[in-house]
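Undergrad: In case you want the letters, here they are:
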Amino acid sequence: MNKGFIRAISTSEIASGGMKAVELDGSEIVICNCGGKYYAIQRRCGHMNAPLDLGTLDGIYLTCPMHCAQFDITNGEALSGPVPTDTGQEIPPPSLGRYLQNIGMLINHVRTESVRTYPTKIEDGWILIRL
Amino acid sequence: MSLCQVNMESRKKSLHYFYEKVVVPLGFKFTPDNEMMNFLLEQEVILEGRHGIPFCPCQPLRNDRTCDMQIVCPCIPFHRKHFDDIKRCWCGLFVHKDVLDPDKLPQLPPKEVKNE
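Chains A and B are the protein sequences, given in the same order.
In terms of the working numbering, the first sequence is residues 1 to 131.
In terms of the working numbering, the second sequence is residues 1 to 116.
If you're looking for bench data, these hints aren't it; they were derived computationally from the structure.
This structure is a prediction, so every number in the text was calculated from the model and none was measured.
Please note: incorrect hints may appear among the correct ones.
[Stated by the list, open to error] Pairs of lysine to any residue residues, derived as SDA-like cross-links and limited to a Cα-Cα distance of at most 25 Å, are as follows:
1) B:K12 with A:E113
2) B:K13 with A:G36
3) B:K12 with A:T87
[Said to hold, decoys possible] If you want the footprint, here are the derived chain B segments under chain A, 3+ residues with CB under 8 Å:
4) 9 to 17
5) 45 to 54
All residues carry an ideal CB built from backbone N, CA and C; glycine is no exception.
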């Protein structure tokens with residue numbers, strides 16, 4: 001019945017609308033509580049590997065804390081790529097400007113991929129995840 | 001250009017979710033014209049893919065961040081007086097919550113709005 005499922009954490013450890021990062025058999029996973037329904041997705045953003053549990057969960061939509069890429073936690077689908085950041089009006093020192101330009105050029109080549117999701121089930125107040 | 005393969009319907013659905021949370025407290029709602037709503041949301045997804053931000057599809061970008069950020073959808077807070085007067089936002093994606101027939105609302109620029 002529970003073949004392949006691993007006990008992760010107690011349901012009481014995540015409030016509704018909250019997230020919690022866990023590590024199961026070497027896999028980094030974020031468990032999300034969406035109104036009492038639990039979803040598990042890979043912890044690393046499909047854009048630049050930022051920890052998604054530090055982002056924002058709104059309904060079934062998770063926004064990455066680094067560049068605001070968004071994902072659907074029910075299926076891991078990438079909904080948007082990074083949002084351009086505001087570097088402000090102030091002109092940075094030339095060395096920093098060149099560095100930022102280089103980073104910006106590299107980021108422009110980074111593809112935003114969907115993230116992996118994991119089946120979950122609840123049993124005796126525990127969230128079980130199948131890797 | 002975004003390197004993210006976005007599913008059009010999924011993104012439209014998520015934009016709808018987020019926009020509703022912003023516009024409803026402002027006294028607006030999505031236009032009851034579903035065809036128009038879908039068309040405008042689709043254009044925004046395309047603009048988001050191009051610029052990384054879902055700008056209003058009916059207003060020009062000026063390559064000036066301060067100006068351009070004022071047309072990020074939903075742009076109602078930046079044009080509140082004007083949109084309250086015409087009971088719709090500029091592109092018509094949102095209308096005042098009491099509007100039933102959006103076709104009766106002309107797209108008037110601020111200087112043509114007659115204030116009573």
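Undergrad: All hints, please: hold or fail.
TA: Checked hints:
Annotation: proposed proximity of K12 (chain B) to E113 (chain A) holds, straight-line Cα distance about 18 Å (limit 25 Å). With a C-alpha separation of about 22 Å, the suggested pairing of K13 (chain B) with G36 (chain A) holds against the 25 Å cut-off. In summary, the hint linking K12 (chain B) to T87 (chain A) is not supported, as the alpha carbons are separated by about 28 Å, beyond the 25 Å threshold. Residue count for the region 9 to 17 of chain B with a Cβ under 8 Å from a Cβ of chain A: 4. That meets the three needed, and the coverage hint holds.
Coverage of the region 45 to 54 of chain B by chain A holds in this model, with 5 residues showing a Cβ closer than 8 Å to a Cβ of that chain against a need of three.
Hint 3 from the list above is the single one not met by this structure.
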